[in-house]
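Starting from the known structure of chain A, fit chains B and C with the ligands onto it as the hints suggest.
Spelled out, the chains give:
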Amino acid sequence: MKLKLRIWRQSSADAKGRMVSYELDDVSEDASFLEMLDVLNERLIAEGDDPVAFDHDCREGICGACSLVIDGQPHGPQAATTTCQLHMRKFKDGDSIDIEPWRAGAFPVIKDLVVDRSAFDRIIQAGGYISAPTGTAPDAHAVPIPKQDADAAFSAAACIGCGACVAACPNGSGMLFMGAKVAHLGLTPQGQPERATRVLGMVAAHDEAGFGGCTNTGECAAACPKEIGLDVIGRLNADFRKAAIRAA
Amino acid sequence: MSTDLQSRTAARPAKRAPKPTGPWRSNIGLKIAMAVSGVLLVLFIIVHMAGNLHVFEGREEMNAYAHGLRTLGEPLLPHETVLWVLRVGLIVLAAVHIWSAVVLTRRSLAARPVRYHSRKPAKGESRHAVATMRWGAAVLVLFVAWHLLDLTFRTVNPVKDVPDAYGAVVATFSPERWPVTVFYLLALVALGFHLRHGVWSAVQTIAGPDTKWRKRTQAVALAVALVVVVGFAIVPLSVTFGLVK
Amino acid sequence: MSIDYYREGEPVADTKAPAGPIEERWEKRRFSGRLVNPANRRKLRVIVVGTGLAGASAAATLGELGYRVANYCFQDSARRAHSIAAQGGINAAKNYRNDGDSVHRLFYDTVKGGDFRSRESNVHRLAEVSTEIIDQCVAQGVPFAREYGGLLDNRSFGGAQVSRTFYARGQTGQQLLLGAYQALQRQVAAGTVDLHTRHEMLELVIADGKARGIVVRDLVTGEISTEIADAVVLATGGYGNVFFLSTNAKGCNVTASWRAHRKGAYFANPCYTQIHPTCIPQSGDHQSKLTLMSESLRNDGRVWVPKAKGDQRHPADIPEDERDYYLERRYPAFGNLVPRDIASRAAKVVCDEGHGVGPGGLGVYLDFADAIARLGKPAVEAKYGNLFDMYERITGENPYERPMRIYPAVHYTMGGLWVDYDLSSNIPGLFVTGEANFSDHGANRLGASALMQGLSDGYFVLPNTISDYLADGPFEALDETHEAVVAARKEVDDRIAFFLNNDGDRTVDSFHRELGKIMWEYCGMERTDEGLRKAIGLIRDLKAEFYKRVKVTGKAEELNQQLEKAGRVADFFELGELMCIDALHRTESCGGHFRAESQTEDGEAKRDDDRFSYVAAWEYGEDAPVLHKEALVFEYVKPTQRSYK
Ligand SMILES: Cc1cc2nc3c(=O)[nH]c(=O)nc-3n(C[C@H](O)[C@H](O)[C@H](O)COP(=O)(O)OP(=O)(O)OC[C@H]3O[C@@H](n4cnc5c(N)ncnc54)[C@H](O)[C@@H]3O)c2cc1C
Ligand code: HEM
Ligand code: SF4
Ligand code: FES
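Residue numbers (my numbering), protein chains in the order written: chain A, 31 to 278; chain B, 19 to 263; chain C, -18 to 626.
Bound-form chain A, shown alone (with noise of 0.2 angstroms):
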């Protein structure tokens, strides 16, 4: 298939950006988003360009590497899909595709489609864990933990830390991302004794890194490729307001 391009390039943090535009003609249905990026770019060093710089690793959906926005769609317009999962049978024959970095002020853009979330590591760095130095575990017995709950725990673990939701948030805000660790940790009886702590360093965390504020409109949801639902935040608010008035 035949493909019109329109790629934002940055050569740097610094540098000013434009979009440009590239034409591909024989596109393999079969492909892979990136590989039909790794396609343009063998192109683009044989011309002797600089190829496009994007993030990606696991190329399976499970490392949250990879950070496109698609026509405007973080991660593209297949529902729970992440980018490199993202095939080019979704898209037709003469088609013209925008591609964007993730856009936020907490991540900044480093060069072309690469953008910096270390803002994630330093949310968790503030509380998203739970304090089990090596070698003091009991059993993994001795505390039961109800079917349910595991459930919904692993549910929201599921995060990938990719920040669609950030880019997808017309609030550039990370709560889908902060109530999806504070949602697993508090759900496991492991987490209980920190709850309060972490919910107020990691949202203090994330406010400081620039991030903006929820207002509930959904955005990150329907963007989330792993389906992370709106009530990881209804549970964030609750844990938050429950540490607040305690703190207060």
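Simulated from the structure, these hints should not be mistaken for laboratory data. Note that CB positions come from ideal geometry on N, CA and C, so glycine has one too. Just so you know, not all the hints are guaranteed correct.
[As the list claims (entries may be wrong)] One-sided excerpt, in silico: chain B residues whose CB lies under 7 angstroms from chain A:
| id | residue |
| --- | --- |
| 1 | Asn45 |
| 2 | Lys49 |
| 3 | Ile50 |
| 4 | Arg130 |
| 5 | Val132 |
| 6 | Tyr134 |
| 7 | Arg137 |
| 8 | Ala147 |
| 9 | Ala149 |
[Stated by the list, open to error] BS3-like, lysine-lysine: derived pairs with alpha carbons at most 25 angstroms apart:
| id | chain 1 | residue 1 | chain 2 | residue 2 |
| --- | --- | --- | --- | --- |
| 10 | B | Lys230 | A | Lys272 |
| 11 | A | Lys122 | B | Lys141 |
| 12 | B | Lys230 | A | Lys122 |
| 13 | A | Lys120 | B | Lys138 |
| 14 | A | Lys120 | B | Lys233 |
| 15 | B | Lys230 | A | Lys32 |
| 16 | C | Lys536 | C | Lys524 |
| 17 | A | Lys177 | B | Lys230 |
| 18 | B | Lys138 | A | Lys34 |
| 19 | C | Lys536 | A | Lys120 |
| 20 | A | Lys46 | C | Lys536 |
Just chains B and C with the ligands, lined up with the frame of chain A:
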């Protein structure tokens, strides 16, 4: 061919949003403040709307109701005390609500300094909120200002006689002043959208995960919005169309 | 064999492994190893390269103990290390099912599964530690699957007769890694670990015979810097990407290990490669990686090919009697559940004979029609729905209606840097953990054992053994002007300058693809003397062409993904050659290494314990590698020939 986007992404957001200090100044803290004040305002709005319906009982009843508001608590308390307590409460609520909305909105704008080149249709569960909450709020601010000048202080109302609430309503929505009615209705549309999202959003903000009852809460929010809009709209419409004179 | 390819050197021995009853060895070693006083730990710096299960767990634990840790990964976040992709599960000898499992049985199964090419002491320790791993992970909040009673669920995995595999839906690696990542981030916040993401180690610094540091490139700015420490731990993962197409993440590479190897670290058993039978076949030349479909699919799917060669009919139009259910036919006892290597090779055989289906005839059917008829579609959906969805996303075909197409793909590399019982390489101060070392899986890894090994190394083994070495530290301070540092940096600078200045015309990927094809063809599922010799020649020629014609655009001082790839592919060339030499010298078949010359009459792998019961530890040599043999002794598990008939 290439199109320039005006912007480049700085390493840090260009406009630093106001620094939050302490949990209640955080994005979630302010949102809770906005939700709690919002919910109280909703209660006020519903009571206010119910009060307005006294118009249909005629001038006597309506003015008696308005008088009742002023003499609430008498003779235990001096004239208009309760009313002023309520008014101050309302002012505080509105101040908290608007202040938190402004701070959060500024932070949100700073958090998304660069727009996408290609715009997508919104997909979110409450996608209309993106389009309606903020402009709706602006309409509401203008409306509240007009509304106070019109029916509270009577600055722009032909009927200056304060105890004659009925007269003021009939005068302001009289058929020849139809633009006032139109503006009132426009504000109601904004309020309706504001509540349709706001009431559900406030529940999500205050009450916690709502997986099980989200659909129901959203339905309740829609119902509240419809009741409020219809309940308020029927008064000026009745006057403008001559059903109440 | 011809002396040209390699030379044989002195045997090598694992001097740290304690003797005595096997159940007591780990305890003994922990007691005999020296400790570092808590106050002194703060003065000791340890570099950990890698944030996968093996690296993140080690860095977090060393940080908790009070060492000053510098941790590196090339991804933008530590959480994205390749371990995140593991699906199936993690083994542990908990015997929660009361089905006869025990530390000894896990030990036994692992030694046997490794086709008697691993060390008993190491494997026993792994089995002992396995139970603590599960406790540790649960304490961190890892959401393992549970039963209605609230206790942990287990499943049987990879043909094991006991249910000892713990899992978190199909995302076990992700959940385990997030546990380790969170523990790591806690130490970052506590100030004990300096974490450097988007940094790639490009050289090892050895001073006075000890590993003392690394040279790294900041992948964003291109800045080259040196980190000096008292010990260096490599937890840099496997090298399956030498084949270009594999189930590994795109970034997986051998550079860290290979740089250490070039500086003297032995590389053990490089030819042991695990090929996984159930992957989605290649769809065309654009293919950049292969995706694993969980092995559990073989529990209900039936594998077949058309009896007629080149049969292009729609699978539904091929009548029952024109289908060859070759696994059921050849292995009536185990049928579709034969071990990975056997299933893989059988698929290759039928495809080589021309029965393959799909693009290029490289695929066999995995058919669920019977399962759907027997269990009903909802039951099949409940079990495999996620996998079916994934298959459909990638291929555009609906596996409920049309059998899946699968083909084997490179999945895991058992070989790696040689380490002793303490996980120390032969270079003092250089430790190696996780898939990067060669230690515990012998010639073949059992399903759900890599995660176990990575976490065992990182949480429990290394933090206990490294103190014996660090007890001699802190070592003499080194600075940027030390000749070893200057030399290492110069090597890095020169390599980068070479690539950027080379006046070439071919992309790095085009070379990598070609190398991968050679490796797959001659050093893949089936290896022959002739093929391997040919491959060595082809690799040498291609490598020469690479240095002449490779083209890398851009600058050194920026994010330059082509430059990153070029360095990795350069190292893959040298590794590929060593893999072929190792495969050539090992004329037996064992585990993931099948030499066509060494098979039984029914085409099964034939070991040669008399000649090959050893670890092949290769030393780098400018002209030819030097082979050091470490003899393997079996005191507890008697070697037997596998049979799955
Ligand atoms: C698809 C798939 C499914 C699997 N499923 C299972 C399973 O179900 N059960 C099981 O037990 N095993 C499974 N495995 C195997 C298992 O996942 C891996 O063997 C294991 O995770 C390896 O962990 P590691 O920590 O050693 O290395 P990795 O997770 O590969 O981590 C390597 C780290 O080193 C860093 N690194 C590498 N080179 C450099 C460098 N030069 N400079 C700086 N940093 C560097 C990387 O950034 C990364 O952080 C699976 C493997 C695959 C491919
Ligand atoms: C007149 C009566 C009003 C009522 C009853 C009301 C009610 C509410 C409620 C319940 C919310 C939801 C809080 C949450 O997000 O959880 C809300 C949100 C909001 N309100 Fe109001 N509000 C009123 C007037 C105003 C006015 C005058 C403004 C003007 C600044 C305003 C601005 C906002 C904003 C900006 C939001 C957040 C919007 C969003 O979610 O995107 N409101 N309001
Ligand atoms: S919540 Fe969803 S969209 Fe956000 S980071 Fe996690 S997986 Fe990505
Ligand atoms: S590349 Fe890993 S999720 Fe897309």
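Evaluation of the provided hints:
A cut of 7 angstroms between beta carbons decides the hint on B/Asn45: the least distance to chain A is about 4 angstroms, and the hint holds. Hint status for B/Lys49: holds, given a least beta-carbon distance of 6 angstroms to chain A, under 7 angstroms. Taken as an interface hint, B/Ile50 checks out: its beta carbon lies about 6 angstroms from the nearest beta carbon of chain A, inside 7 angstroms. Annotation: B/Arg130 was flagged as interfacial toward chain A, and the flag holds, the nearest CB pair being 4 angstroms apart, inside 7 angstroms.
A cut of 7 angstroms between beta carbons decides the hint on B/Val132: the least distance to chain A is about 5 angstroms, and the hint holds. Checking B/Tyr134 against chain A: minimum C-beta separation of about 5 angstroms stays under 7 angstroms; hint holds. The interface hint given for B/Arg137 is met, as the beta carbon of that residue sits about 5 angstroms from the closest beta carbon of chain A, less than 7 angstroms. Hint status for B/Ala147: holds, given a least beta-carbon distance of 5 angstroms to chain A, under 7 angstroms.
Interface hint at B/Ala149: violated, since its Cβ lies 10 angstroms from the closest Cβ of chain A, which is beyond the 7 angstroms cut-off. The straight-line distance between the Cα atoms of B/Lys230 and A/Lys272 is roughly 21 angstroms, inside the 25 angstroms bound, and the hint therefore holds. A threshold of 25 angstroms between alpha carbons decides the hint, and for A/Lys122 with B/Lys141 the separation of about 22 angstroms falls inside it, so the pair holds. For a cut-off of 25 angstroms, the pair hint linking B/Lys230 to A/Lys122 is broken: about 39 angstroms separates their Cα positions.
The hinted pair formed by A/Lys120 and B/Lys138 meets the criterion: a straight-line CA distance of about 17 angstroms does not exceed 25 angstroms. About 31 angstroms separates the Cα atoms of A/Lys120 and B/Lys233, which puts this hinted pair outside 25 angstroms; it is violated. Distance check on the hinted pair: B/Lys230 and A/Lys32 sit about 46 angstroms apart at the alpha-carbon level, beyond 25 angstroms; violated. A hinted pair counts as satisfied when its Cα atoms are at most 25 angstroms apart, and C/Lys536 with C/Lys524 qualifies at roughly 23 angstroms.
At most 25 angstroms may separate the alpha-carbon atoms for a hinted pair to count; A/Lys177 and B/Lys230 meet this at roughly 18 angstroms. Note on B/Lys138 and A/Lys34: the hinted pairing holds, with a Cα-Cα distance of about 18 angstroms set against a maximum of 25 angstroms. A C-alpha spacing of about 36 angstroms is found between C/Lys536 and A/Lys120, which places the hinted pair above 25 angstroms, so the restraint is violated. Of the pairs offered as hints, the one joining A/Lys46 and C/Lys536 holds, with about 18 angstroms between alpha carbons and a cut-off of 25 angstroms not exceeded.
In terms of the numbered hints stated before, the structure departs from hints 9, 12, 14, 15 and 19, listed from lowest to highest.
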